[in-house]
Every structure is written in C-alpha cells, then in structure tokens.
Amino acid sequence: MTSEVTRLLAEIRAKAIAAKIAAPTNPVAAEIEATTQKHRTSDQIATHRELYRQAKLHVEKIDAWNAANKDQSARPYLPQMLAYLGAFSYVEKDT
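The working numbering applies: residue 309 is where the sequence shown begins, and numbers increase by one.
Some hints could be false.
What the hints assert, rightly or not - Label-pair restraints from in silico Cβ distances:
(1) Trp373 / Gly394: 16 to 26 Å
(2) Lys328 / Asn377: 33 to 43 Å
(3) Val336 / Ala382: 50 to 60 Å
(4) Glu339 / Ala375: 48 to 58 Å
(5) Arg357 / Ala324: 19 to 29 Å
(6) Gln388 / Thr333: 14 to 24 Å
Bear in mind the hints are in silico, worked out from the structure with no lab data behind them.
Note that CB positions come from ideal geometry on N, CA and C, so glycine has one too.
Start from the sequences and build out the full structure, keeping to the hints where you can.
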C-alpha cells in the first residue's frame, strides 16, 4: 500500500511540475492547468477510494480483534493505514 501511495504522489507531482513549466508560454496549457488543479481524474479518485476503504477496513478489523481478545495484548494499527486515513479522508466526498 505504501508503494502505491508513493507512486501516485510522485505521478501527481511530476504532472504538476510539467504543467507549471508549460503554463506561462502557452495560454491553452494555462487553462488546462487551472482546470486540472480543481479536479482529479476518475482513475485517481477510484484508486484513492479503494485505498481509503482498505485503510478503514484495516482499522475496523483491528478494533474488532482487540475487542474480542481483551485477555491478549492489543494489536497495533499499521501506521501507513492511519496516515492514509488522515491524509485522504476527503475521498469519499470527492466527485
């Protein structure tokens, strides 16, 4: 999961840098840059939603296991799952 998030972030950053370089010299590129800054592609939204749901499911499973096994030491959450929930909590509302 962490590698998928890292790959997505690198892809988004690379596209943003390329668009910022092209925007001052080309009015069409400037308009495209302004539009794409507001909206993510449907593939990006779908990927974010899937990763967000996986992170949410992970937290629910850990909570359920910890509640059912109070006599054992609690299982910790994976930090990347919690980080993903915090960083991308908007994705369920994104259109």
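Here is what the structure says about each hint:
Range check, Trp373 to Gly394: about 22 Å between beta-carbon atoms, so the 16 to 26 Å window is met. Checked against the hint of 33 to 43 Å, the pair Lys328 and Asn377 fails, with Cβ atoms roughly 51 Å apart. Under the hint 50 to 60 Å, the C-beta atoms of Val336 and Ala382, about 56 Å apart, fit the expected range. The supplied range of 48 to 58 Å is met by Glu339 and Ala375, whose beta-carbon atoms lie about 53 Å from each other.
One distance hint, 19 to 29 Å for the beta-carbon pair Arg357 and Ala324, holds here, with the actual separation near 21 Å. At about 39 Å, the CB distance of Gln388 to Thr333 disagrees with the hint of 14 to 24 Å.
Consistency with the previously given hints fails for numbers 2, 6, ordered from lowest to highest.
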